[in-house]
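Undergrad: Note that the protein sequences, when read in sequence, are chains S and P.
The numbering of the first sequence is my numbering, which starts it at 1 and goes up by one.
The numbering of the second sequence is my numbering, which starts it at 1 and goes up by one.
Keep in mind the hints are simulated off the structure, nothing from the lab.
Computed from a predicted structure; not experimentally measured.
Please note: incorrect hints may appear among the correct ones.
Any copy will do: because identical chains look the same in the list, a pair fits if it lies in one copy or spans two.
Below, simulated DSS-like cross-link-like pairs (lysine-lysine); rule was C-alpha separation at most 30 Å, straight line [what the hints assert, rightly or not]: (1) 227 <-> 66; (2) 6 <-> 47; (3) 47 <-> 303; (4) 346 <-> 301; (5) 303 <-> 5; (6) 30 <-> 47; (7) 12 <-> 30; (8) 66 <-> 92; (9) 303 <-> 66; (10) 227 <-> 6; (11) 346 <-> 111; (12) 12 <-> 57; (13) 227 <-> 348; (14) 6 <-> 110; (15) 66 <-> 5; (16) 301 <-> 47; (17) 5 <-> 227; (18) 191 <-> 359; (19) 256 <-> 47; (20) 348 <-> 111; (21) 227 <-> 346; (22) 256 <-> 92; (23) 348 <-> 12; (24) 30 <-> 303.
2 protein chains.
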Amino acid sequence: MELSKKLREAYKACAHQVPGNGPRNIGVLKQAFAEIDAGLESDTYGKGPVIEDFENKMAGVLGKEKAVFFPSGTMAQQIAMRIWCDELSLHKVAYHPLCHLEIHEEDGLKKLHRIESVLLADKNRLITLADVQELGSDVACLLLELPQREIGGELPEFDELVAISDYCREEGIKLHMDGARLFEVLPYYQKTAAEVCQLFDSVYISLYKGVGGIAGAILAGSEPFAKEAFIWKRRHGGDLISLYPYILSADYSFEKRRDRFPAYLNGARELAAMYNGCHGVRTRPLVPVSNMFHVHFPLPKEKIEPVFLAVVEETGVGLTAVVYAVDEESSYFEISIGDNYGTIPKEKLQQAFSLLDEKMEVTLR
Amino acid sequence: MELSKKLREAYKACAHQVPGNGPRNIGVLKQAFAEIDAGLESDTYGKGPVIEDFENKMAGVLGKEKAVFFPSGTMAQQIAMRIWCDELSLHKVAYHPLCHLEIHEEDGLKKLHRIESVLLADKNRLITLADVQELGSDVACLLLELPQREIGGELPEFDELVAISDYCREEGIKLHMDGARLFEVLPYYQKTAAEVCQLFDSVYISLYKGVGGIAGAILAGSEPFAKEAFIWKRRHGGDLISLYPYILSADYSFEKRRDRFPAYLNGARELAAMYNGCHGVRTRPLVPVSNMFHVHFPLPKEKIEPVFLAVVEETGVGLTAVVYAVDEESSYFEISIGDNYGTIPKEKLQQAFSLLDEKMEVTLR
Chain S
1 MELSKKLREA
11 YKACAHQVPG
21 NGPRNIGVLK
31 QAFAEIDAGL
41 ESDTYGKGPV
51 IEDFENKMAG
61 VLGKEKAVFF
71 PSGTMAQQIA
81 MRIWCDELSL
91 HKVAYHPLCH
101 LEIHEEDGLK
111 KLHRIESVLL
121 ADKNRLITLA
131 DVQELGSDVA
141 CLLLELPQRE
151 IGGELPEFDE
161 LVAISDYCRE
171 EGIKLHMDGA
181 RLFEVLPYYQ
191 KTAAEVCQLF
201 DSVYISLYKG
211 VGGIAGAILA
221 GSEPFAKEAF
231 IWKRRHGGDL
241 ISLYPYILSA
251 DYSFEKRRDR
261 FPAYLNGARE
271 LAAMYNGCHG
281 VRTRPLVPVS
291 NMFHVHFPLP
301 KEKIEPVFLA
311 VVEETGVGLT
321 AVVYAVDEES
331 SYFEISIGDN
341 YGTIPKEKLQ
351 QAFSLLDEKM
361 EVTLR
Chain P
1 MELSKKLREA
11 YKACAHQVPG
21 NGPRNIGVLK
31 QAFAEIDAGL
41 ESDTYGKGPV
51 IEDFENKMAG
61 VLGKEKAVFF
71 PSGTMAQQIA
81 MRIWCDELSL
91 HKVAYHPLCH
101 LEIHEEDGLK
111 KLHRIESVLL
121 ADKNRLITLA
131 DVQELGSDVA
141 CLLLELPQRE
151 IGGELPEFDE
161 LVAISDYCRE
171 EGIKLHMDGA
181 RLFEVLPYYQ
191 KTAAEVCQLF
201 DSVYISLYKG
211 VGGIAGAILA
221 GSEPFAKEAF
231 IWKRRHGGDL
241 ISLYPYILSA
251 DYSFEKRRDR
261 FPAYLNGARE
271 LAAMYNGCHG
281 VRTRPLVPVS
291 NMFHVHFPLP
301 KEKIEPVFLA
311 VVEETGVGLT
321 AVVYAVDEES
331 SYFEISIGDN
341 YGTIPKEKLQ
351 QAFSLLDEKM
361 EVTLR
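The whole structure should be built from the sequences, with the hints applied where relevant.
TA: Following this line, the structure appears as structure tokens:
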């Protein structure tokens, strides 16, 4: 069997998976629906209590006038960009070079909406106020991702965010939040969701990832913005006759986890420290600011996979299911802390990290 | 309370709802998932046995090389149009004036894909071979809806369909099927799904409506067509991390109902005959060719609603939940036969239709 497949399967089968919220299986849906009455009526094309109650609740949480439930963030964010571009009659937006819209959506923004993108900052660092100031006002919208996932979940300081928001308002640039992991950064900012969201004209949040639902997203903003978003949702084919399988599981998962994000941040910091204590291992950020971080190695993926395979096979502790190549000489993987972390016996973790350190030392020779 | 609301609520609460497959509630999902093992792994961004097995099965049923699961028909069909338009470098398609893309999608085809539409035939009749011949070859694709829902579910004869298909192939026009209700017309055509689909280059089918799933659609065609469709699905924001709530319920519902469509056709014919036996009531088609038909009245909606309210209140038989205005002097509603029809005691139905006839006679005076 191929090494990467072997690692994936050993991880899947192991006793203690360290990251995540547990397996993505049908049980996630079954659990969410267990207590819901079979007679509860479906939402119908965006209408009905099941969808409207949840939208109202999330609008409240985010401190926005109105929220619209979407099947995906891809759909929600392209639509946000389109609304702002149409409003300003300027079909250009700015975002980070590793923005989801730029690298994961098959160029939907360009091919469906004909919106041009301006890539701000170097791909290996965060967007700063200075980057935004250089932009002038030649874009309709600036998208900021909190935290910046593809660089390990780095985050601007809150003051920098305020300064960027002030600048955009002065210049008439709409500010949109890719808050796929918004709840995950609130413990670091020590702010409520609404306090962060009020800096932005529109906000997208994901309902799986940290929240742990099955799929789905919320797009929130002013009443007129939401009205437009709903029309575009229909155009995109996202106004399904029934979205309740995602909505009800999102609500269930949100209630289950909304108070756990501080624990996830602590877990991420603890785990990152353990990684950084190993030979040749560095996390990014060095001290996490959310539930996520990247783990980097100065060796190719082919040298790192056997190390983690040995760790999971010998200790039953699954630290990662995959290793990605950065280039021919270095590799990394991503960690997101969820419910699993708190369930792993400390001595098991220590055993795994002792072995990891040992194996890394040998591998680095 | 407003009359139309009264009718809707009386219908909802009544003992015997005549059309449909039963309430659209959470129970539909619960039933479909009852026997599925909680450990079954989710699909992941279009990959994994849950989605691939179902796609392969539906490709087989439709006799196409490859099928792609979509969250909605709106998304699937716009994408089919786009693929054919891009392939032929001609951004124009032809369809019926009451096509779903023209009247129910907020102009997504135009606003997202910048595809122009040519409306064939008068809105009150089916597209014929002669209409298509007049087109020449100035469009990339012709979309035919089987049956034509907005005119009561009328259907071209199979020979006409073959002739249109032959003509399109000669002229290099791609032929796409809006088969939202394909299974529902097979008993009339006395053909398999594959025999009908082989006349078309691409085929969309719905997984709720007659099939009775929660939501979702299949788009099928050649291998390269499906490959393109998958990329566009991602662009539209339809390539969700998990689509299993729709897929598993679609599969469950398809297996449950795949052999019931002849019974639905018979039920529709029986019921239409009962309507046509009443004073001032005419169905379209007069003799149904699928599980659906429209019921027309030469009186305004405000005169017809009290009639059906009286019927449901006095007999417990819900014939319709709504009445729509055609214009100020006439009205109609739509009937789709599903599982409910077979469960209504015949004497109850007869009682309801006696009363309906009586009330109509009085109302017409």
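Undergrad: Hint by hint, note whether the structure agrees.
TA: Taking the hints in turn, this is what the structure says about them:
no.	hint	in the structure
1	227 <-> 66	within (9 Å within a copy, 37 Å between copies)
2	6 <-> 47	between (47 Å within a copy, 19 Å between copies)
3	47 <-> 303	between (53 Å within a copy, 28 Å between copies)
4	346 <-> 301	within (28 Å within a copy, 71 Å between copies)
5	303 <-> 5	within (15 Å within a copy, 68 Å between copies)
6	30 <-> 47	both (24 Å within a copy, 21 Å between copies)
7	12 <-> 30	both (21 Å within a copy, 27 Å between copies)
8	66 <-> 92	within (25 Å within a copy, 37 Å between copies)
9	303 <-> 66	neither (50 Å within a copy, 39 Å between copies)
10	227 <-> 6	between (49 Å within a copy, 29 Å between copies)
11	346 <-> 111	neither (50 Å within a copy, 56 Å between copies)
12	12 <-> 57	between (36 Å within a copy, 28 Å between copies)
13	227 <-> 348	neither (52 Å within a copy, 45 Å between copies)
14	6 <-> 110	neither (38 Å within a copy, 48 Å between copies)
15	66 <-> 5	between (45 Å within a copy, 27 Å between copies)
16	301 <-> 47	between (49 Å within a copy, 24 Å between copies)
17	5 <-> 227	between (46 Å within a copy, 25 Å between copies)
18	191 <-> 359	neither (41 Å within a copy, 65 Å between copies)
19	256 <-> 47	both (25 Å within a copy, 28 Å between copies)
20	348 <-> 111	neither (49 Å within a copy, 56 Å between copies)
21	227 <-> 346	neither (50 Å within a copy, 47 Å between copies)
22	256 <-> 92	neither (39 Å within a copy, 50 Å between copies)
23	348 <-> 12	within (17 Å within a copy, 57 Å between copies)
24	30 <-> 303	neither (40 Å within a copy, 46 Å between copies)
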